[in-house]
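Protein sequences, first through last, are from chains E and Z.
For the first sequence, this note's numbering begins at 247 and goes up steadily by one.
For the second sequence, this note's numbering begins at 247 and goes up steadily by one.
If you're looking for bench data, these hints aren't it; they were derived computationally from the structure.
Yeah, the Cβ is synthetic: ideal placement off N, Cα and C, and Gly gets one too.
Treat the hints loosely; a few may be bogus.
Stated by the list, open to error - Just the calculated beta-carbon pair ranges, DEER-fashion:
(1) Gln623(Z) x Val470(E): 47 to 53 Å
(2) Thr641(Z) x Val447(E): 49 to 55 Å
(3) Asp325(E) x Arg369(Z): 18 to 24 Å
(4) Ala464(Z) x Gln623(E): 42 to 48 Å
(5) Ala501(Z) x Asp325(E): 51 to 57 Å
(6) Leu262(Z) x Glu586(E): 36 to 42 Å
(7) Lys659(Z) x Pro449(E): 49 to 55 Å
(8) Ala501(Z) x Thr641(E): 28 to 34 Å
(9) Lys659(Z) x Glu586(E): 47 to 53 Å
One-letter residues, chain by chain:
There are 2 protein chains.
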Amino acid sequence: MKKMNTSPISGMQELLPETQAIFDRYKNVISEVYHNHGFLSIETPIIDRNEILLAKAGGDTEKQIYKVIKTAESEDDADQALRFDHTVPLARYVVEHENELTFPFKVTQIGRNFRGERAQKGRFREFYQCDVDVIGRGNLPIYYDADVIATLLDAFKGFELGTPVLARINNRKILSGFVEAMGLSELSGKIFGVIDHAEKVSPEATREAFAELGIENAKINQLVKFIGIHGGRASVTQALREFGDLNDTYKKGIAELEKVMLALEMDGRGTDIEADMLIVRGLDYYTGTVFEFVLPEYKQVGSVCGGGRYENLAGFFTEQELPGVGGSIGLTRLFYVLNENNLVKSQESKPIDTAVIPITENEIEFAMRVAKDRRDQGEKVTIVATDKRLGDKLTYAAKLAENGIVVGENEAKSGTYEIKKFN
Amino acid sequence: MKKMNTSPISGMQELLPETQAIFDRYKNVISEVYHNHGFLSIETPIIDRNEILLAKAGGDTEKQIYKVIKTAESEDDADQALRFDHTVPLARYVVEHENELTFPFKVTQIGRNFRGERAQKGRFREFYQCDVDVIGRGNLPIYYDADVIATLLDAFKGFELGTPVLARINNRKILSGFVEAMGLSELSGKIFGVIDHAEKVSPEATREAFAELGIENAKINQLVKFIGIHGGRASVTQALREFGDLNDTYKKGIAELEKVMLALEMDGRGTDIEADMLIVRGLDYYTGTVFEFVLPEYKQVGSVCGGGRYENLAGFFTEQELPGVGGSIGLTRLFYVLNENNLVKSQESKPIDTAVIPITENEIEFAMRVAKDRRDQGEKVTIVATDKRLGDKLTYAAKLAENGIVVGENEAKSGTYEIKKFN
Numbered sequence: 247m248k249k250m251n252t253s254p255i256s257g258m259q260e261l262l263p264e265t266q267a268i269f270d271r272y273k274n275v276i277s278e279v280y281h282n283h284g285f286l287s288i289e290t291p292i293i294d295r296n297e298i299l300l301a302k303a304g305g306d307t308e309k310q311i312y313k314v315i316k317t318a319e320s321e322d323d324a325d326q327a328l329r330f331d332h333t334v335p336l337a338r339y340v341v342e343h344e345n346e347l348t349f350p351f352k353v354t355q356i357g358r359n360f361r362g363e364r365a366q367k368g369r370f371r372e373f374y375q376c377d378v379d380v381i382g383r384g385n386l387p388i389y390y391d392a393d394v395i396a397t398l399l400d401a402f403k404g405f406e407l408g409t410p411v412l413a414r415i416n417n418r419k420i421l422s423g424f425v426e427a428m429g430l431s432e433l434s435g436k437i438f439g440v441i442d443h444a445e446k447v448s449p450e451a452t453r454e455a456f457a458e459l460g461i462e463n464a465k466i467n468q469l470v471k472f473i474g475i476h477g478g479r480a481s482v483t484q485a486l487r488e489f490g491d492l493n494d495t496y497k498k499g500i501a502e503l504e505k506v507m508l509a510l511e512m513d514g515r516g517t518d519i520e521a522d523m524l525i526v527r528g529l530d531y532y533t534g535t536v537f538e539f540v541l542p543e544y545k546q547v548g549s550v551c552g553g554g555r556y557e558n559l560a561g562f563f564t565e566q567e568l569p570g571v572g573g574s575i576g577l578t579r580l581f582y583v584l585n586e587n588n589l590v591k592s593q594e595s596k597p598i599d600t601a602v603i604p605i606t607e608n609e610i611e612f613a614m615r616v617a618k619d620r621r622d623q624g625e626k627v628t629i630v631a632t633d634k635r636l637g638d639k640l641t642y643a644a645k646l647a648e649n650g651i652v653v654g655e656n657e658a659k660s661g662t663y664e665i666k667k668f669n
Numbered sequence: 247m248k249k250m251n252t253s254p255i256s257g258m259q260e261l262l263p264e265t266q267a268i269f270d271r272y273k274n275v276i277s278e279v280y281h282n283h284g285f286l287s288i289e290t291p292i293i294d295r296n297e298i299l300l301a302k303a304g305g306d307t308e309k310q311i312y313k314v315i316k317t318a319e320s321e322d323d324a325d326q327a328l329r330f331d332h333t334v335p336l337a338r339y340v341v342e343h344e345n346e347l348t349f350p351f352k353v354t355q356i357g358r359n360f361r362g363e364r365a366q367k368g369r370f371r372e373f374y375q376c377d378v379d380v381i382g383r384g385n386l387p388i389y390y391d392a393d394v395i396a397t398l399l400d401a402f403k404g405f406e407l408g409t410p411v412l413a414r415i416n417n418r419k420i421l422s423g424f425v426e427a428m429g430l431s432e433l434s435g436k437i438f439g440v441i442d443h444a445e446k447v448s449p450e451a452t453r454e455a456f457a458e459l460g461i462e463n464a465k466i467n468q469l470v471k472f473i474g475i476h477g478g479r480a481s482v483t484q485a486l487r488e489f490g491d492l493n494d495t496y497k498k499g500i501a502e503l504e505k506v507m508l509a510l511e512m513d514g515r516g517t518d519i520e521a522d523m524l525i526v527r528g529l530d531y532y533t534g535t536v537f538e539f540v541l542p543e544y545k546q547v548g549s550v551c552g553g554g555r556y557e558n559l560a561g562f563f564t565e566q567e568l569p570g571v572g573g574s575i576g577l578t579r580l581f582y583v584l585n586e587n588n589l590v591k592s593q594e595s596k597p598i599d600t601a602v603i604p605i606t607e608n609e610i611e612f613a614m615r616v617a618k619d620r621r622d623q624g625e626k627v628t629i630v631a632t633d634k635r636l637g638d639k640l641t642y643a644a645k646l647a648e649n650g651i652v653v654g655e656n657e658a659k660s661g662t663y664e665i666k667k668f669n
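If we strip away everything but chain E, and leave its shape as in the complex, we get (with noise of 0.2 Å):
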């Protein structure tokens, strides 16, 4: 027989059972922390028409969407695809159930998304995203920007990493009112990459890329002073006021940045949160609030989580306007990276509580019997049942369990039993 290639294909996570258990207690404590914050969970289907999940896309997402033909006879609904996150989805499923939702929604999606991008260490096709999502009916007050990150945060707390956790967070209307009183409204799309990419490269490298949009010196000077504030929320308003009452917009930002500082502040948040502006979060979904989340002593790894403010979650589908705020945990990447860094640490305890080895067949029903009185007592229990020798059993039985019972002939006449710790 020729061995067929039995790997995964490239891209796609698959654990051992030991690591897969880890990686569910990650999951387990995102959905806890999640419903404890008053999040209900919904589920969208995988597949979905073309003409929803690339409503708004463009650019790299169609290029990794992931289409599906169904090969069956009756071709009754083609150009389909596999949903690459879970806003699209979840501003489909908002639209067509507006009327027996109640709002604000406050909703959490955790499952997988697919994006064929390129191979890449690190980089996954199958991906689990975790969501928290809060959607209002025409208007969403901006508490629940801190309600979004004070649930974010305490995932991560939930995680014990060991490692503190940074939210840093600002507000696009602060850098829209800033760029606009330059007069730099034209640029602003490009000059919100520049700093976007501002951290992956050198202070020299950002000015170059400012002035190689045309932009003057003098500005530039100002632009570099701007995106260098950061810190706790009276220090960084105060900074932004010192460049005076620029516009609407500019203050507006400011005054929505504090509120959401301050609310995380009420709630006991303090050195985990900072005002920052080098946060931009991608180019056009975001017009409010908008965050990211960071290992400070694992620079590298990046942004862990990230998320923000849209004016309007479903402005392809519908008329109604439903403004939102929500987060997004990459599990499968974030695992891969604390996985790398060392943060992710071995279960402290094995599988199964408890290994219930029979030392001959005449001794299973027994052996049951102990099964399920320690299983009524909530421990996870197996049977070693195999016909192999005692000595062969205990191994294998040390490997996956905590404890184990042996029953021979006398346990099963006297109806007694030993529990004894493996090492």
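Dock chain Z against chain E, hints included.
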């Protein structure tokens, strides 16, 4: 704006949050029971290579498979599709990671699979399957057949359906041996097909179907008598032995069935298991134990769970013999039919435990403290921060939450609060 079609593709499950919560409860029950019985979780990629997925398939499977096409420029891997069950990816997984796994490998996979079936009431194209399997290396004791059935029965017990569940159990060797003894081995595939279909048609139609295969009347009488055998272990094995010691296959099948039933009885199962010669399960995969679960009070629902013993998990990928036994709950379909038959209890409680309602923005800080306080006690908590009148906020809160805590100036000053149950 032309309103787009925002419904999900037909054949996809999409639930409102309240119903999703009930669905998730079933999924969690399954996961918990599987883990408590010592099964370890794995996740295989949803996308895999055609040569893997279709190694063994044919017929309907091949017609129903969703092929995927990545539209990226670099087509470094073509010929991919979505998995249509968990068994084929499991076979690949076990072969790929054989040296890192511990055998017998007790494994569970819970996730979505994909089949491009013709859209039809109660048929889904994306559906959850919740599998348990035990894979041996070289051999696998018959006890594990009972282990799988007991685990699946406990999952159904966890659903608290309020109607009995019956595991109907058979062994393919008994049927093979019987057919062989009648000199009809060449027709065995077709005979199995007729038996598999027998419950859906009249007894006369079954006799006719046998006759159409050219089977003489005397033998049809024997066959009909044979497939009518069902009941408890003792009566069924006695009835089977009345046909005589037909051959080794027949005797081995009876002995195996007896052992599985006996192990389940030892485990305290009684009225929820039955041996039944009508159970065949498909055509060529299973080689020993086969079983199906039904709801006897809801016969029209059909099989709600099934599985069996297979000689070799991965014969297409490796020469290593990997015998296994497994079963699966098709949760999406199950949830649908339970709903159709009013067997799904609506959630007794609302999705959120406590809504904290600040009267004005000034009380948001105190509201956050109260929320944290309740959350620390394990409650699911949301803050209602909309800029609506108090009455509207209360209406919103009462829809989502069991309890409400209104916080105004007095509460904020005194640092106390009162929990009120919504009706």
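These are the hints, each one checked on the structure:
For the hinted restraint 47 to 53 Å between Gln623(Z) and Val470(E), the CB-CB distance of approximately 49 Å keeps it satisfied. Checked against the hint of 49 to 55 Å, the pair Thr641(Z) and Val447(E) passes, with Cβ atoms roughly 52 Å apart. Look at Asp325(E) against Arg369(Z): about 21 Å separates their beta carbons, and that is inside 18 to 24 Å. Between Ala464(Z) and Gln623(E) the C-beta distance comes to about 57 Å, which lies outside the given range of 42 to 48 Å.
Taken as a hint, the range 51 to 57 Å holds for the pair Ala501(Z) and Asp325(E), whose Cβ atoms sit roughly 56 Å apart. A hinted range of 36 to 42 Å holds for the C-beta pair Leu262(Z) and Glu586(E), which are about 40 Å apart. Distance hint check for Lys659(Z) and Pro449(E): the Cβ-Cβ separation is about 50 Å, which falls inside the suggested range of 49 to 55 Å. Under the hint 28 to 34 Å, the C-beta atoms of Ala501(Z) and Thr641(E), about 30 Å apart, fit the expected range.
Taken as a hint, the range 47 to 53 Å holds for the pair Lys659(Z) and Glu586(E), whose Cβ atoms sit roughly 51 Å apart.
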